[in-house]
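Asks: Protein chains in written order, with this note's numbering: chain A, 1 to 81; chain B, 1001 to 1496; chain C, 2001 to 2577.
Simulated from the structure, these hints should not be mistaken for lab results. Any given hint could be a false lead.
[Stated by the list, open to error] If you anchor each label on the Cβ, the simulated ranges turn out as follows:
#1 B:Gly-1360 / C:Ile-2337: 42 to 50 Å
#2 B:Asn-1363 / C:Leu-2240: 43 to 51 Å
#3 A:Pro-69 / B:Ile-1459: 52 to 60 Å
#4 C:Gly-2318 / A:Pro-69: 30 to 38 Å
#5 C:Thr-2022 / B:Phe-1477: 30 to 38 Å
#6 C:Pro-2413 / B:Leu-1455: 34 to 42 Å
#7 C:Pro-2413 / B:Thr-1446: 34 to 42 Å
#8 C:Asn-2174 / B:Thr-1453: 53 to 61 Å
Note that the structure is predicted; figures quoted are calculated from it, not measured. The C-beta atom is built at its ideal place from N, Cα and C for all residues, glycine as well.
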Amino acid sequence: MMGLTKKQIYYITGAILLISMALELCGVHLHAPHWWPLPFGYNVLFGFVGGWLLIIVSKMIMAPLLQRPEDYYDEKGGEEE
Amino acid sequence: MMQHSPVMIVLLPLTASLLCMLFSKLKRKLGAYIVIASIVAAFVNAVITLQRVMGSPDRVIHYAMGNWTPPIGIEFVLDPLNALLAVLVTFVAMVVSFYGLPFVKDEDWLHVGGYYTLFGLLTVGMSGMIITGDVFNLYVYLEVMSLSGYGLIALGGRQSNLAAFRYLLIGTIGASLYLLGVGYMYAMTGTLNMADMGRLAANYLNSPLFAMAVGCFVIGFGIKMALFPLHGWQPDAYTYAHPAAAGLIAGCMSKVPSYAMIRFLYYVFRVDNPVVTAVLNAIGVLGIAGMLLGSVMALAQRDFRRMLAYSSVAQIGYIAIGMAMGNMYGFVGSVLHIVNHAFMKCALFLVIGGVVHRFGEVNLFRLGGMHKKMPISSIAMTLAALSMVGLPPTAGFFSKWYLMLGAFNAQQYIYIFVLVVSSLLNAIYFFRIIEQMFVQQEASLTEVHPVTTRLGLPISMVIPIAVMGLGVLVLGFYSSDVVRIIMSGLPEVFVR
Amino acid sequence: MTFHPGLILILSGFLALVAPKTIRKIVMVGGPFCALLAAMSLRLGTDFSFEFINGMQLGWLHVDKLSWLFTFIFCVLAFIASVYGCHNTNRMEALCALAYAGGGIGVCLAKDWMTLIFFWEALAISSVFLVWCNKTKEARKAAFRYILVHMFGGNLLLAGIFLKVNAGEYLVGNIVAGPHDLAYWLILIGFFVNVAMPPVNAWLVDAYSNSTITGGVFMSCLTTKVAVYVLVSVFGGMELLMWGGALMALYGACYAIMENDMRKLLAHHIISQTGFMVAGAGIGTAMGMNGATAHAFCDILFKSLLFMCAGSIMYATGIKHINKLAGMKDKMPITCICFFAAAFSISGIPLFNGFVSKMITVNAAAAAGHDLLFTLLEIASIGTFLSIPLKMGYFIFLRKDVDKHVEIVNPLPKNMEIGMILGAIGCVLYGVYPDLLYRHFAFDMTPYVPFTASHIFSTVEMLGMALIPFMMYLNNMEPHTAISLDTDWFYRKPFAGIVQWVSGVLCAVCGALGGAWWVLYQKFMELMSNPMDFLDARPFREAKRYHPRNYRTSIADPMMIILTVLTSVILYLINAL
Chain A
1 MMGLTKKQIY
11 YITGAILLIS
21 MALELCGVHL
31 HAPHWWPLPF
41 GYNVLFGFVG
51 GWLLIIVSKM
61 IMAPLLQRPE
71 DYYDEKGGEE
81 E
Chain B
1001 MMQHSPVMIV
1011 LLPLTASLLC
1021 MLFSKLKRKL
1031 GAYIVIASIV
1041 AAFVNAVITL
1051 QRVMGSPDRV
1061 IHYAMGNWTP
1071 PIGIEFVLDP
1081 LNALLAVLVT
1091 FVAMVVSFYG
1101 LPFVKDEDWL
1111 HVGGYYTLFG
1121 LLTVGMSGMI
1131 ITGDVFNLYV
1141 YLEVMSLSGY
1151 GLIALGGRQS
1161 NLAAFRYLLI
1171 GTIGASLYLL
1181 GVGYMYAMTG
1191 TLNMADMGRL
1201 AANYLNSPLF
1211 AMAVGCFVIG
1221 FGIKMALFPL
1231 HGWQPDAYTY
1241 AHPAAAGLIA
1251 GCMSKVPSYA
1261 MIRFLYYVFR
1271 VDNPVVTAVL
1281 NAIGVLGIAG
1291 MLLGSVMALA
1301 QRDFRRMLAY
1311 SSVAQIGYIA
1321 IGMAMGNMYG
1331 FVGSVLHIVN
1341 HAFMKCALFL
1351 VIGGVVHRFG
1361 EVNLFRLGGM
1371 HKKMPISSIA
1381 MTLAALSMVG
1391 LPPTAGFFSK
1401 WYLMLGAFNA
1411 QQYIYIFVLV
1421 VSSLLNAIYF
1431 FRIIEQMFVQ
1441 QEASLTEVHP
1451 VTTRLGLPIS
1461 MVIPIAVMGL
1471 GVLVLGFYSS
1481 DVVRIIMSGL
1491 PEVFVR
Chain C
2001 MTFHPGLILI
2011 LSGFLALVAP
2021 KTIRKIVMVG
2031 GPFCALLAAM
2041 SLRLGTDFSF
2051 EFINGMQLGW
2061 LHVDKLSWLF
2071 TFIFCVLAFI
2081 ASVYGCHNTN
2091 RMEALCALAY
2101 AGGGIGVCLA
2111 KDWMTLIFFW
2121 EALAISSVFL
2131 VWCNKTKEAR
2141 KAAFRYILVH
2151 MFGGNLLLAG
2161 IFLKVNAGEY
2171 LVGNIVAGPH
2181 DLAYWLILIG
2191 FFVNVAMPPV
2201 NAWLVDAYSN
2211 STITGGVFMS
2221 CLTTKVAVYV
2231 LVSVFGGMEL
2241 LMWGGALMAL
2251 YGACYAIMEN
2261 DMRKLLAHHI
2271 ISQTGFMVAG
2281 AGIGTAMGMN
2291 GATAHAFCDI
2301 LFKSLLFMCA
2311 GSIMYATGIK
2321 HINKLAGMKD
2331 KMPITCICFF
2341 AAAFSISGIP
2351 LFNGFVSKMI
2361 TVNAAAAAGH
2371 DLLFTLLEIA
2381 SIGTFLSIPL
2391 KMGYFIFLRK
2401 DVDKHVEIVN
2411 PLPKNMEIGM
2421 ILGAIGCVLY
2431 GVYPDLLYRH
2441 FAFDMTPYVP
2451 FTASHIFSTV
2461 EMLGMALIPF
2471 MMYLNNMEPH
2481 TAISLDTDWF
2491 YRKPFAGIVQ
2501 WVSGVLCAVC
2511 GALGGAWWVL
2521 YQKFMELMSN
2531 PMDFLDARPF
2541 REAKRYHPRN
2551 YRTSIADPMM
2561 IILTVLTSVI
2571 LYLINAL
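Hey, can you work out the whole structure from these sequences and the hints?
Replies: Okay, here's the thing in structure tokens:
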């Protein structure tokens, strides 16, 4: 991806992560839903878990149930002509 | 001269039709032109009569034939309702008579003369049935209309003989039922004049004889107007009718008996007695069944004309439920739909007649890409189809609106539901046609009567098609005027 | 002078239909440009109406803040899309697209229900024709299903409006506080069909992926956004909308992650983004409804741009499946840049317009105390990020073309590139200077400041972290060559069979009634000889395929029916005495 290897991407992402967490510690005020007990690192966790969950649900659960070959709806043999 | 305008509506085409064969023997197409001219004159007279009716103080004109005073004499009675319908019928007849000219261009004098004689007599029968005020006179015109109708259907080709014969038998049953009803009523009241009969019948409203008579009337008219399930003759009749006359037959021939039913039930017998109320319920049930089942059957068809015939069954259902509601809005919706449907169906049959004339093709799945070959016809057909579905601002929307208003006021919500479902089904089969015409690949069709002009059809066919198509739109915009005319001639009594 | 921009568009559509080839391009672009000028010159509070039957007033040009904003953005869309599409030679398509846009504007500017339904139906009809302009067999069938669903919704809406008008309420207004009667639910369902709420959502994916390239750009932004407008003004504050919106957002996002066809993926995304707007309308606070409006505004810009990019790729390469594309970054650089501008907008990355709009809705959910909704919408945002910039961006543009060998078959005409660039400019412009949008908000609220540190950080972190699972499953993320089943399965499979069956039954009944006695006699005799023959129902068997013979009745059948009906009616009447 963009000529970077996977490893390089992980490094860059990790760097962004660390910088933002550090800035948070310096007192940046976050919007947070009120029943979540951890305002710190919340977004990080949310991003990761959310993305992971979506991929799992879509690819592992929904796709096998709902996907069909492309000619599923085409009627066998002529219909109207 | 003006005070004779009612009888001129009937007299002029009658004379011309009877002389048509003679003139055709002299010069082949002369008879045709004479009949067409007479129908134009009849239309002019109908318009004059309508103006006179709207201008007269109590909105009614009586014309006694031969100055014999009713109730012994026969009279024509014109109120806004039938003056409007007389204008409608003569207008449609005029337009379709021009349309028929290219079809008979190559025929010999016998066929030209015969066709136009029958056509003129059909017009006479329909207009007479509308404007007459005498019960037996109505039977006479009913038979004139029916017999010429049978003849015009039989002229359509090889398969039409059986269709015409079937219609002959069934239609005669219908007319005989009507005559039976007339007989019962005459036995009860002793008069044949409609207004008089209505007055005298008030004494017999609770007798079983009256119930039988009303039953015979309703079934008789129901057969002629193709009310479900009495419509068995209609699909074949419309399919195999002569393509030039199909516009008039489909447009008006089933509307006039429904007008007659309205006239009898609302004006002569009045709807505030138990028998007529019960028969209105029966008509409502049959109307609902016709709307739903007619639409479903239309969906399954491949022949364009048969599909339109089943669609007519559904549309007659609209008129029937308008009658059945028994209140003002339902009545207005029913009559408005008579006017609108005449235009819509006539436009559709004129278009398919043009296709048959030029290509000889009736299978609707083989009409691809028609808009390139016949642009004006495609536009007219689209307008008529949109009106059948009931989209504003075309005419069909307004009659649907009034019918829904009537159902709402009568608190019979089943009618609203059925109207909605029926519109949906209509949309499906009409959009199928539009799709074929505009989107499909151009079908390779052999030209039976080749046409080289850009219009796609001979000029005397294009102008009627364009007039009818535009008429659908114009009727939509001016529907308030039509409704005003109808409302000035309402019956005195309503159920709700 | 005030002009109705919608009518200008419809008029220019008709002009484009008949204009000769040389000036058609000018008409196609000039018409929307004039409409745009007209829209910008509309004053707030304009109110034109004319008299209709029964003394009803039809308010056809009613400008308030909300309707002005939507009118403006629809005109902008019409302009950009016309620039993109003016290379088209299909006249019908020009008419349909412009009439479609005009109809949408007409709905927005409508003051009373009758005008609304009139333009609503015009919207449906013109969009049907627009899908038909594609002329493939698939498109015809998709258009057919589209008609079914939209006529169904349109008729329900008409019935609901009819009930409302009869109750005396002519004007379009918020009815959430009123009685939740039949009219309320009918109108709601009618709107739901157009906004593509599951279960009536399948038409969107079906029709939009089968439309023409330029038609798809128009369609992607009109029907659903018009429905959002009416939902905001009529049903703003209804709780059901919140959860419906959340459902739509997640539904669309999940399907998009699976999907392979580019435009179907984007169509699923329309459902997803519209879900945000619907949820915003449902929250009901000023912030929520402003958020819905802002998101509609920005969504039109970036969604049309995405469709334009997808269309450009289809035009240039003839390929519409993601798993057959690769390496477009080098082959179509302008498209790549515009795509990423749109993709970043849709994900809500700062400096692009999605950030300034999507966050309002999401934060409105938090501010109103709906924490679960907030969470769900955030998850949906992550899904958006996954499918569009990451999935589409990587698989189409960024990965190296080692085995796909994608070729540019048709180079892009200049107007398509200009159109895309205009769209990209719009995306960035509002992203950088959001006040241009905020000052037109219809509902008063405390001003929202997008560029706070917390907003930026939360977005960056969340989306940045979402990158990691994507990378982990990179190979799996490649879509399969398959379609996904949706709610339209219910009316695609069984419909034709039902029609045939019903007409077969009807013919059988008709024939049976006619030949009743004869059949009874025959069957009785046969039963005597062989009881198993009783199960032989010939009318049913022969009615499988269409045959005209099945529909021609004999002479006896109608007569028997008439006799039956006659006797029953007379008995009924005598009974009624």
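Asks: State for each hint whether it applies.
Replies: Hints, one by one, checked against the model:
1. In this structure, B:Gly-1360 and C:Ile-2337 break the distance hint of 42 to 50 Å, their C-beta atoms being roughly 58 Å apart.
2. For the pair B:Asn-1363 and C:Leu-2240, the supplied restraint of 43 to 51 Å holds, since their beta-carbon distance comes to about 48 Å.
3. Taken as a hint, the range 52 to 60 Å holds for the pair A:Pro-69 and B:Ile-1459, whose Cβ atoms sit roughly 54 Å apart.
4. Between C:Gly-2318 and A:Pro-69 the beta carbons are some 22 Å apart, a value that contradicts the proposed interval 30 to 38 Å.
5. Here the CB-CB span from C:Thr-2022 to B:Phe-1477 is close to 35 Å, well matched to the stated 30 to 38 Å.
6. In this structure the hint that C:Pro-2413 and B:Leu-1455 lie 34 to 42 Å apart at CB holds, the actual value being about 35 Å.
7. Restraint check, C:Pro-2413 to B:Thr-1446: a C-beta distance of roughly 40 Å satisfies the suggested window 34 to 42 Å.
8. Evaluation of the 53 to 61 Å hint for C:Asn-2174 and B:Thr-1453 yields a pass: the beta carbon distance comes to about 57 Å.
Consistency with the previously given hints fails for numbers 1, 4, ordered from lowest to highest.
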